[in-house]
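Chains as they are written, first to last, in the UniProt record's numbering: chain C, 1 to 201; chain Z, 1 to 201.
Source of the hints: derived by calculation from the structure; they are not laboratory data. Wrong hints could be hidden among the right ones.
In silico SDA-like links for lysine to any residue, alpha-carbon gap of 20 Å or less [claimed, not checked]: (1) Z:178 - Z:132; (2) C:61 - Z:178; (3) Z:102 - C:101; (4) C:129 - C:168; (5) C:129 - Z:178; (6) Z:61 - C:85; (7) C:4 - C:26; (8) Z:61 - C:132; (9) C:4 - C:48; (10) Z:81 - C:132; (11) Z:188 - Z:168.
2 protein chains.
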Amino acid sequence: MAPKYKLSYFDMRARGEPTRMLFAAAGIEFEDDRIPFDKWPSLKGTTPMGQLPVLEVDGVKLCQSMPIARFVARETGMAGKTNLEQAQADAFVDELIEMLPKLYGVAFATDEAKKAEMAAEFDKTMSSKLERCEKLSGSNGFLVGNSLLCCDLVLHTVAFNIENYKPGTLKGYPKLAKVMASVNANPKIAAWIAKRPDTKF
Amino acid sequence: MAPKYKLSYFDMRARGEPTRMLFAAAGIEFEDDRIPFDKWPSLKGTTPMGQLPVLEVDGVKLCQSMPIARFVARETGMAGKTNLEQAQADAFVDELIEMLPKLYGVAFATDEAKKAEMAAEFDKTMSSKLERCEKLSGSNGFLVGNSLLCCDLVLHTVAFNIENYKPGTLKGYPKLAKVMASVNANPKIAAWIAKRPDTKF
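Could you put the whole structure together from the sequences, leaning on the hints where they help?
Written out as structure tokens, the structure is:
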């Protein structure tokens, strides 16, 4: 029997979305358990590492967002075709995902001077990361190899936020823009994006 | 023919050591290329992501420290026996490795007041992370399952620094101390520790 999956995360894309997109791309049913922020303090102690996301697989609780995404990528054949391809995909994930907390830092800063300073620093980080990923990306619509992998969905998640933050940024990175386009063109992903809750992050 | 491995990293343990220990534990030859800090600025541009470590596998350059460690763990059968075990091991790695930059932040702080503040914050983070890992660890000398995995070597690397920073800390976490002891008792690891360069971090 196919395992039963329950992904618990906040009602946002962020660090939970690559896993949701993996399930969607593979056509695998999962319970999309979205924890309201006001319920979190009372639930925190019940999670293995005091953090979300948590993925329950037939009752076993897995934690840490990218280990969860990598697990689901392996389960669904989207980790990479060879060990080497898997390592290359994995390096993109680590490089890209680091942008999220920095971007949220800017978004949630309340002091205007501090916010401007953080934004300038983030813009610099973002450019150098996107440049590196553009240089290393394949040119046929996938970061690595010739099929949709977890890293493409991490790029999509991060770039979705970047495009909200500075519309048009991806145009400067044609290979990455092509990856975004090929993710969006995947019918199962497109159906997921159309039905997923519309959240700010 | 067995692949040829060259690991380029600074002359420190830090984010390169789990990979070196994986090679040592598996009895696999690798070139331990240690880049002097003064040579780094001229080499930075030649690395795929402008960072070290880089692992060359038969000429292919892999980057990002934990993706490299996970790759070598898969090559050497130390990633986890099942996909689920691999995810559990992986979560320990992510939880533990985050301590290193924070610990180095304290070590390299020059302003005394700032250093004390950072140390207090680090101590809190360290306790909560070690508590969580202690709770989730297996009790037979391995974090997960019943054999040496990549996560045990990451714990060893992190705990080695912690013991230098606050000797005796691990005594408060008996299951983690037992993992340290079983890593140290591995003859191939012991031989590696005896011969590796003695660096501060």
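We went through each hint and held it up to the structure:
Using a Cα cut-off of 20 Å, the hinted pair residue 178 of chain Z and residue 132 of chain Z holds, with the two alpha carbons roughly 16 Å apart. Our distance criterion of 20 Å between C-alpha atoms is broken by residue 61 of chain C and residue 178 of chain Z, whose separation comes to about 24 Å. The hinted pair formed by residue 102 of chain Z and residue 101 of chain C meets the criterion: a straight-line CA distance of about 16 Å does not exceed 20 Å. Distance hint between residue 129 of chain C and residue 168 of chain C is fulfilled; the C-alpha atoms sit about 16 Å from each other, no more than 20 Å.
A C-alpha spacing of about 40 Å is found between residue 129 of chain C and residue 178 of chain Z, which places the hinted pair above 20 Å, so the restraint is violated. This hinted pair checks out: residue 61 of chain Z and residue 85 of chain C have alpha carbons roughly 12 Å apart, not beyond 20 Å. Restraint check for residue 4 of chain C and residue 26 of chain C: satisfied, since their Cα atoms lie roughly 14 Å apart, inside the 20 Å limit. The hinted pair formed by residue 61 of chain Z and residue 132 of chain C meets the criterion: a straight-line CA distance of about 14 Å does not exceed 20 Å.
The straight-line distance between the Cα atoms of residue 4 of chain C and residue 48 of chain C is roughly 19 Å, inside the 20 Å bound, and the hint therefore holds. Distance hint between residue 81 of chain Z and residue 132 of chain C is unfulfilled; the C-alpha atoms sit about 34 Å from each other, more than 20 Å. As the CA atoms of residue 188 of chain Z and residue 168 of chain Z are separated by approximately 25 Å, the hinted pair breaks the 20 Å bound.
When each numbered hint is compared with the structure, violations occur for hints 2, 5, 10 and 11.
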